[in-house]
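S.K.: In case you want the letters, here they are:
Protein chains: 2
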Amino acid sequence: MSINALEEIFHPQAMAVVGASEDSATVGYDFVRHLLDFGYRGEIYPVNPNYRKVLGIKAYPSLRDIPGTVSYVICCIPASKVLDLLEDCSQKGVKAVHLFTARLSETGRRDAIKFENKILKQASKKGIRLIGPNCMGIYYPKEGLSFNYDFPKEPGSVGAAFQSGGAATDLIRLASLRGIRFSKVISYGNALDYNESDFLDYFSQDSETKIILSYVEGVKDGKRFFNALRHAASTKPVIIVKGGRGESGTRATASHTASLAGSIKVWETAFTQAGAILARNLDEMTDLAASFYFLPPITGLRVGISGGGGGKNVLSADECEEAGLDVIPLPLEIREEVRSKAPPIWDWIGNPADVSIMQGVNFGASDMLQMMATNQNFDLLIANITEDRPASKQEMTWRLKGEVEGYIKVKKENSKPLLVVVGEKSLGIEDYSNWRWKLIGELRAQLIAANIPVYPSVGRAARAIKKSIDYYVSRG
Amino acid sequence: MSINALEEIFHPQAMAVVGASEDSATVGYDFVRHLLDFGYRGEIYPVNPNYRKVLGIKAYPSLRDIPGTVSYVICCIPASKVLDLLEDCSQKGVKAVHLFTARLSETGRRDAIKFENKILKQASKKGIRLIGPNCMGIYYPKEGLSFNYDFPKEPGSVGAAFQSGGAATDLIRLASLRGIRFSKVISYGNALDYNESDFLDYFSQDSETKIILSYVEGVKDGKRFFNALRHAASTKPVIIVKGGRGESGTRATASHTASLAGSIKVWETAFTQAGAILARNLDEMTDLAASFYFLPPITGLRVGISGGGGGKNVLSADECEEAGLDVIPLPLEIREEVRSKAPPIWDWIGNPADVSIMQGVNFGASDMLQMMATNQNFDLLIANITEDRPASKQEMTWRLKGEVEGYIKVKKENSKPLLVVVGEKSLGIEDYSNWRWKLIGELRAQLIAANIPVYPSVGRAARAIKKSIDYYVSRG
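Quick note, the sequences are listed as chains A and B, same order.
The numbers in the working numbering rise by one with no breaks, and the one at position 202 of the first sequence is 999.
The numbers in the working numbering rise by one with no breaks, and the one at position 150 of the second sequence is 947.
Worth flagging that the hints you see were computed from the coordinates, not collected in a lab.
Check each hint, because a few of them may be wrong.
The list treats identical chains as one, so a pair stands whether inside a single copy or across any two.
[As the list claims (entries may be wrong)] Here are the computed lysine-lysine pairs in the DSBU-like style, where the Cα-Cα straight-line distance is at most 30 Å: (1) K1007 <-> K850; (2) K922 <-> K1190; (3) K922 <-> K1007; (4) K1198 <-> K1062; (5) K1222 <-> K950; (6) K1138 <-> K1235; (7) K1263 <-> K1190; (8) K1235 <-> K950; (9) K1033 <-> K1263; (10) K878 <-> K1138; (11) K878 <-> K1209; (12) K939 <-> K1222; (13) K918 <-> K1007; (14) K850 <-> K1017; (15) K850 <-> K1213; (16) K1033 <-> K1222; (17) K878 <-> K922; (18) K1190 <-> K855; (19) K1190 <-> K1235; (20) K889 <-> K1235; (21) K911 <-> K1198; (22) K1033 <-> K1235; (23) K1198 <-> K950; (24) K1263 <-> K922; (25) K1222 <-> K915; (26) K1209 <-> K922; (27) K950 <-> K1190; (28) K850 <-> K1190; (29) K1138 <-> K922.
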């Protein structure tokens, strides 16, 4: 595939939203809103015979009535009207149509499947490329394209091709709260024309994209897909989630994107052989993306842990070890250094370094991390935010702020990979104004701003890091 | 063990905090503060020769100077002074001492271990019972006892015996945000006198406790512990986390609570044979506690899922099936009912019921759940909060509020077990004032107030529920 055709779609000269609307309960409203909110710089043409203006922009009864050229159309009208629209598109010289339009092959209905094929034939005949149907289209912050509210406006280096628009939305929200930013995200639904392989090919060549995420339920052409995947994985990390792994999920993929899912073992073996990194769900995909996004390549397993107290430490060690990391005993040279700085704990402190025993010594979690950062025995460092301290608001605020400042200093002064665990919580609305959870939110934002990845638990961090280590080791 | 001795500890007539302080950076301040904040009704005696008052309460130079009787002492002074304190306690007729005091056997130092034994001997000779050393003591909201700030003041029915005070704190925060409330929580540290078996015995007889949680790193007497565990598990659900499972975690338990951890396979086999429910970490323990706390006994595996759209649904089905639940196809009688209410989707909708295909029909996720709730083919229901909808603030707020109202109605009108998935997020401080995450916080609080358990992901919900089903099924 030539990169050019898709490149043109990502940089449309002018856009029309067909089925644009003033009714904020419709996507015809949303898509125009997004172009405005995200600062799309080309011409925007709302199309709807029932409106003279949509969101303050002149609307047109039909595509043909638009005076200028239109390169890209977002189609929010019912399927039955798509063939006529394609005719109009052809006359206007439209290059590509994103069909948000659904209720086609994913319904499983024979006439809908036939009609979907008719759409493809018509589009091919007219030289119009399609994204979708039954999808959310493109989020490309640099170009001002989005398919939901409140996505980050700053661009980043993660590219994602998702068969599901809902899953893409979830992923963008999960990942962006963790500080990850995107080059381009494509939700492609039923993949009638452009499909998963096209997007993999595109991302493997795209200089804006350093990490590729893929969510697939099924693929159009298995052989082509695995070739595309192998090629993409040879250029950058590719993290993949397969939806529809079991009997019920497979049933669900059929009615979602009309995909035939097939045996999960066959899929996963093929993914692995192609060099892709498997994730079970979007949480794990986010954890993996954070590792590749924020951390330099890690090829050793020896982890130093600090910040937790007591049982938290014990469980941290367990979860790291169970994930395959090597929680080495504290090196003697560090013990000697502790002896000079904090005599009461030098023979007793270990790895993980327990902060609960640091009472009364002028020595904290970040001092320990600093020693580990300059010690060649450690390949990576994990800091646990010490949330469990039995302390008052003043004391807790002072200590945790100091702790996080220390971590940021360690990060700035050393090249050793460092990640921080900040637990996620099921906050109720009243908790949003509680000092404790606000403090956690502040610390998390500070860490992310300092380019330190945060993970919701040690177990999730350790499992993601181990997979990234496996990836780097296998690449030599 | 007689329940009476511990019962006396849980209902102290008068309490002394030895090492009480006006310095809010010390636990000697915190413990007095907690008694005041949580409304302890007996006499409070701060003890410290350096203060005439602590937090407005008259302080005494020593325990002997207190005019009234003292039944329970919280000891925050260094280990070296504990023997003298025990002498004073004996003269005052003190029944029990909670030794927050640490740096004893957990340091691994021979002299500290010897000294700890001396403390035990002295206490035994004087007829004084000990909790700890190296622990946080008791959280008993009904009695006004606590060991941290901001724990819930309302009592509940979960009892917990934790070797680690930090882990206990983490657990109380995680669980209370999920709506779980506690009868009594004990952090018992080095378990010099009262130990894990005593607390299990106590909780198995305690009428305020319906569910028992236990965090152990090591046990004092293996045979006694497994007998106590078997007995406790025969009376109520016992959920247990073992800290120190691997090499490094075992090393960490030694310096944390001076426990010898032993082979994890032996432990886990014994736990399972005793009828306890195993959890890997505090997140899983919280999920399990939520299942037993909020839901009636479930003995069947057939789950109905609604609320998610597209890929979220597909992955929901996968994760439920992988956890061992049975995501059955939509029963025909429900399909017929949908045909009459929402003709455009009747042949297409499935289980999980995809909300993203419900556009333009007057039919939502909670309508689907209502049908599943009255259908005998389902054993339990999972609702997914539809966060991924491509909608504006107004539309999203209206829809999600309606969705949750619907779930609460389903719960009120039916006896079928229902749980709701509301994703946890790594919010930064600015996100706390964003309408989207505030809305999620409001909905979560509403669901919990309606006694509907919330889980952070479908996978975590499904795995916890499956373990609770196994528990109920094994009990016939």
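S.K.: Evaluate each hint against the coordinates.
M.R.: Against the structure, the hints:
no.: 1; hint: K1007 <-> K850; verdict: neither (40 Å within a copy, 63 Å between copies)
no.: 2; hint: K922 <-> K1190; verdict: neither (69 Å within a copy, 41 Å between copies)
no.: 3; hint: K922 <-> K1007; verdict: neither (35 Å within a copy, 70 Å between copies)
no.: 4; hint: K1198 <-> K1062; verdict: neither (47 Å within a copy, 40 Å between copies)
no.: 5; hint: K1222 <-> K950; verdict: both (26 Å within a copy, 19 Å between copies)
no.: 6; hint: K1138 <-> K1235; verdict: neither (33 Å within a copy, 45 Å between copies)
no.: 7; hint: K1263 <-> K1190; verdict: neither (36 Å within a copy, 39 Å between copies)
no.: 8; hint: K1235 <-> K950; verdict: both (24 Å within a copy, 21 Å between copies)
no.: 9; hint: K1033 <-> K1263; verdict: within (18 Å within a copy, 38 Å between copies)
no.: 10; hint: K878 <-> K1138; verdict: between (76 Å within a copy, 26 Å between copies)
no.: 11; hint: K878 <-> K1209; verdict: neither (58 Å within a copy, 44 Å between copies)
no.: 12; hint: K939 <-> K1222; verdict: between (32 Å within a copy, 25 Å between copies)
no.: 13; hint: K918 <-> K1007; verdict: neither (35 Å within a copy, 65 Å between copies)
no.: 14; hint: K850 <-> K1017; verdict: neither (40 Å within a copy, 78 Å between copies)
no.: 15; hint: K850 <-> K1213; verdict: neither (56 Å within a copy, 50 Å between copies)
no.: 16; hint: K1033 <-> K1222; verdict: between (33 Å within a copy, 27 Å between copies)
no.: 17; hint: K878 <-> K922; verdict: within (17 Å within a copy, 91 Å between copies)
no.: 18; hint: K1190 <-> K855; verdict: between (55 Å within a copy, 24 Å between copies)
no.: 19; hint: K1190 <-> K1235; verdict: both (11 Å within a copy, 23 Å between copies)
no.: 20; hint: K889 <-> K1235; verdict: neither (53 Å within a copy, 45 Å between copies)
no.: 21; hint: K911 <-> K1198; verdict: neither (62 Å within a copy, 39 Å between copies)
no.: 22; hint: K1033 <-> K1235; verdict: neither (37 Å within a copy, 37 Å between copies)
no.: 23; hint: K1198 <-> K950; verdict: both (29 Å within a copy, 28 Å between copies)
no.: 24; hint: K1263 <-> K922; verdict: neither (49 Å within a copy, 53 Å between copies)
no.: 25; hint: K1222 <-> K915; verdict: neither (49 Å within a copy, 43 Å between copies)
no.: 26; hint: K1209 <-> K922; verdict: neither (57 Å within a copy, 57 Å between copies)
no.: 27; hint: K950 <-> K1190; verdict: between (35 Å within a copy, 18 Å between copies)
no.: 28; hint: K850 <-> K1190; verdict: between (54 Å within a copy, 22 Å between copies)
no.: 29; hint: K1138 <-> K922; verdict: neither (77 Å within a copy, 40 Å between copies)
Violated hints, listed in ascending order, are 1, 2, 3, 4, 6, 7, 11, 13, 14, 15, 20, 21, 22, 24, 25, 26, 29; each of the other numbered hints is respected by the structure.
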